[in-house]
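Q: Produce the complete structure using the sequences and hints provided.
The residues making up each chain are set out below.
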Amino acid sequence: MSADVKSDRPTDAEIPFVVSIQDRLRRTDRALESWLAAHGVTFLRYALAMVFFWFGIVKPFGVSPANPVVETGIFFLPFDIFFPVLGWWEAAVGVGLLFKRTIRFAVYLMVFQMLGTMIPLFSAPSMTFSQFPFVPTAIGAYIIKNWVLLSSGLVVLAKVDLEDDQ
Amino acid sequence: MSLKSDDTLNRTTRQSMAEFGAEIERTFLAFVEDHSLTMLRYALVAVYVWFGLLTMTGTSPTAGLVAEMFPFVPTEVFRLVLGGWEVTVGLALLSRRTLRLAVILLASHAAVVMLPLAVFPAQTFSYFPYGPSFEGVYIIKDWVLLGAVMTVGGFVGRND
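So the protein sequences, as listed, match chains A and B.
The first sequence begins at 1 in full-length UniProt numbering and counts up one residue at a time.
The second sequence begins at 1 in full-length UniProt numbering and counts up one residue at a time.
Source of the hints: derived by calculation from the structure; they are not laboratory data.
All of these numbers come straight from a predicted model, not from anything done at the bench.
Just to be clear, a hint being listed does not mean it is correct.
Chain A is faced by these chain B residues, among others (derived, beta-carbon under 7 Å) [unchecked claim]:
#1 Ala30
#2 Val45
#3 Val49
#4 Gly58
#5 Thr59
#6 Glu76
#7 Leu94
#8 Arg97
#9 Thr98
#10 Arg100
#11 Pro129
#12 Phe134
#13 Trp143
#14 Gly147
#15 Met150
#16 Gly154
Just so it is clear, CB atoms sit at the ideal spot from N, CA and C, and this is done for glycine as well.
A: Rendered as structure tokens:
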């Protein structure tokens, strides 16, 4: 239907309550967008810091559920040495994310660690997939989620204003 | 070769290595600046669509726990709804017009899937409250995913 055909039915713009609902939706959307732009990265940064510090620090203290994953997936490194080092490494990433001066360093540490976590997907597919390559096991899904964590780290590096607290 | 020229050589080598390192870092930071948001967005799309489908077919590691909290809903139905919800979040992230819808859907989704941490601490923690079990860490990681979707929802529309 062409736009210039006059119809007796009022268009949306002529019905007051429709206009007010549209307005309200638009305003809500804008408010949500600016709230997210202001606080989304902060939330993401602290969520990452928490996850890395927490899941890292439990490794050297022997309460981490990731033991079998690392032991089987990274079978080519001596587990007794590698596992605590990995834990402290992750904890360092978590702490580093908290301070603007160390964010960049933390993200560099994280990139290496994250690429390392992908190894079990290939080195132990029988543990990480129930049907390679489309149906991961719980462990596989856990590892695949790291893609989001890795990209999140990069976004934090790009979007946190590194200058403003010096 | 005199000591002096040797020293000069070392300094030159060191300088060019430092420049090489700085070059790599610049390239990396430029990539991060330009592409990290896009990368994050598509990683989220992949994870939500893929794992949503797994939830629907009953192979998700934690959907069972979530379903247990709602004993009045048949597990099959619950799985379909939860998985469909996740797939919708993933698809909504694809278009700028539906980004905020994804955020809203995901916030409500997160509220539901976080509940097992409080309701079933026996399954989600091996050492409450500091040592999460495998289900526990899987669920706690969703905090990062929520933050990631919030970030994408705030930035993508305005930058381009």
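Q: What are the numbers of the hints the structure violates, in ascending order?
A: Failing hints, ascending: 1, 2, 3, 4, 6, 7, 8, 9 and 11.
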